[in-house]
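This is what each chain is made of:
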Amino acid sequence: MSIEIKKITDYIWEVPKTGDMVVPGKIFADEEIIGNLLKDYEAKKGGGFTPALEQVTNVARLPGIEKASMAMADIHPGYGFAIGGVGAFDLEKGVISVAGVGFDINCGVRVLKTPLEKKDVEGKKVEIANQLFRDVPSGVGSTGDLRLREDEIDELLRRGSAYVIEKGFGLPEDLEYTEENGAVPDARPENVSHRAKERQFKQVGTLGSGNHYVEVQWVEEVYDPEAAEAYGIHKDQILIAIHCGSRALGHQIGTDYLKILEEASRKYGIPIRERELVCAPVKSKEGERYFTAVNCGINCAFANRQTITHLVRGAVTRIFDIRPEEIKLIYDVAHNTCKIETHTIDGVTKKVLIHRKGATRAFGPGREEVPTRYRKVGQPLLVGGTMGTASYILRGTEKGMEECFGSAVHGAGRAMSRMQAKRRWRGTELMKELEGKGIIIRSRSKSGVAEEAPLAYKDVHKVVDIMHKAGVNHKVAMMRPLACVKG
Amino acid sequence: MPYSYIEHLADIGIHAEGATLEEAFESGAEAVFNIMFDLATINTTEDVTFGVDAADLQLLFVEAINETLSIQDIHGFAFKRLETKEVKKMDDLYRFIGTAYGEPLDLEKHTVKTEVKAATYSGLSYKKADDGNHVFECILDV
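For the record, the sequence lines run as chains A and B. My numbering puts the last residue of the first sequence at 1192; the count rises by one with no breaks. My numbering puts the last residue of the second sequence at 292; the count rises by one with no breaks.
Just chain A, with the same shape it has in the complex (with noise of 0.2 Å):
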């Protein structure tokens, strides 16, 4: 078992396509990334978890996928796509699969812009980092204050954002700065278990664990001043970052479909590498049903990460001197979708399904789904860093367009597995270590502190970078933490 890869720019690599490949596959990546994808394949040769570049490929065996099997810089292995993943498949011909989405729908980055400075919150760290702590429930079992029914649900996973904005949480303005304006159409509940229902109905405004957390950042650095201004960003000012999903809900929809469409797979005949892959035609009955409860977990996760932003309000206008309008939107991605989106391939434009699994939507200029004030820069992206080193704000461009169906990165991407990491680091240590460099972290598992730590990922800026370099988004602005609450 060997492959093979070519370079085609410094930062845009191809696998031809051999054997039964439909698509070559594309990855963003510099020559250190693809060394270590390489070493990590060769490695696996005598058995073991599949490598990225071997789901990279696997993906590009999928029946109607278009144009290529694409990875982004922040690539590593995941369950059936790899994370940093992009697949688009035509409507006819394509399938739709759960791996392309993940169990953590619509699990995604909203970036708030407040009128403070630096400055002004140096000094009241731990206050807000505490306030934040209070407010916003996280971690294993965190139930949140919005009790639903199950009328109520699914209401909620029809109108997304839209649905807790008018019980409450939050500014009508916030809707449109947030990707689908909160709630994508053809979310349909009756495709959604019970069960799934019933997991959420305390867990609406929950942060959850893992990677997930709400972050209070400052802008260190500007590098296109005329985006940064029309996303009414500067130097100095006090952002901050929220990063969580669909929660038990969107993890069950994962649970119920991989079941189904596994049955899917072998009745309509899919060739499936790895099991995780199960698939079903975008025209089947399994299909449409996956794909509307899919967009029930989106709304949920936009629902979610809305709430937490009202939350996030509270604590702030607590601590500070604000109006809690003052605190506004840049803007809200998701990372684990997939989406009908209308694209130009080999100069035919039409609609495709999208899965991107761990990679952001990232549509350049003049795209009509970018809000109004943006439109001539492009959408914003936000580049989740790690606890202890930066976050990006960055934006599409029109060669990301042509390149990669308008997509980014969506973070660093881990380098190092978490049990490494535990054993690397103590929890308690390590936040002793990053409070002494001005980061103040608040989270009630240790453990989980220590594989979050900032050493078990990949350089951010240096993903961001290849990214950058690739042409396909563009670097508006860096930011640096200053307090931390980890799920």
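Just so you know, the hints here were simulated from the structure itself, not pulled from any lab data. Since the model is a prediction, treat every value here as computed from it, not as a measurement. Built from N, CA and C at the ideal position, the CB exists for glycine as well. Take the hints with a grain of salt, since some may be wrong.
Here are the simulated distance ranges between beta carbons [what the hints assert, rightly or not]:
#	chain 1	residue 1	chain 2	residue 2	range
1	A	V831	B	D280	55 to 61 Å
2	B	G201	A	L1160	40 to 46 Å
3	A	G1019	B	E258	20 to 26 Å
4	B	T199	A	K830	46 to 52 Å
5	B	E258	A	E822	34 to 40 Å
6	A	E827	B	T191	36 to 42 Å
7	B	K277	A	E827	55 to 61 Å
8	A	G937	B	R245	55 to 61 Å
9	A	G1143	B	I247	53 to 59 Å
Take the given structure of chain A and dock chain B to it, following the hints.
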């Protein structure tokens, strides 16, 4: 308990063994509970009995684990262990019945660690080892 963890860059893999199939399911569930909680802080004052079915043994293993995750969320429980009542083949389906033991989750009392979103089909395998033990492996999404 005969279980161990397998390195995986993004998530975590479990390796669960048992002298019998029944025990292998129990090991797998405990491997998962141990990721979520410090098990020493949980008492077994409550129990929930459930059943799941699937097309083969591997899928049944994933189903059983995912069912314990759902029940924990819905009832607000922290589970410590699983006891298998029955694993059997019925016509073209495999059926698992088991009882999970634990208590209502109490954030003051229980040490929580990392949430497990789901057991996946990725890296999923079942085999009988040379020593006759039943072995399941799979990757969890955490």
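Structure-based check of each hint:
no., hint, verdict
1, A:V831 x B:D280: 55 to 61 Å, "holds, 56 Å"
2, B:G201 x A:L1160: 40 to 46 Å, "holds, 45 Å"
3, A:G1019 x B:E258: 20 to 26 Å, "holds, 24 Å"
4, B:T199 x A:K830: 46 to 52 Å, "holds, 49 Å"
5, B:E258 x A:E822: 34 to 40 Å, "holds, 38 Å"
6, A:E827 x B:T191: 36 to 42 Å, "holds, 37 Å"
7, B:K277 x A:E827: 55 to 61 Å, "holds, 57 Å"
8, A:G937 x B:R245: 55 to 61 Å, "holds, 58 Å"
9, A:G1143 x B:I247: 53 to 59 Å, "holds, 54 Å"
In this structure, every one of the numbered hints holds.
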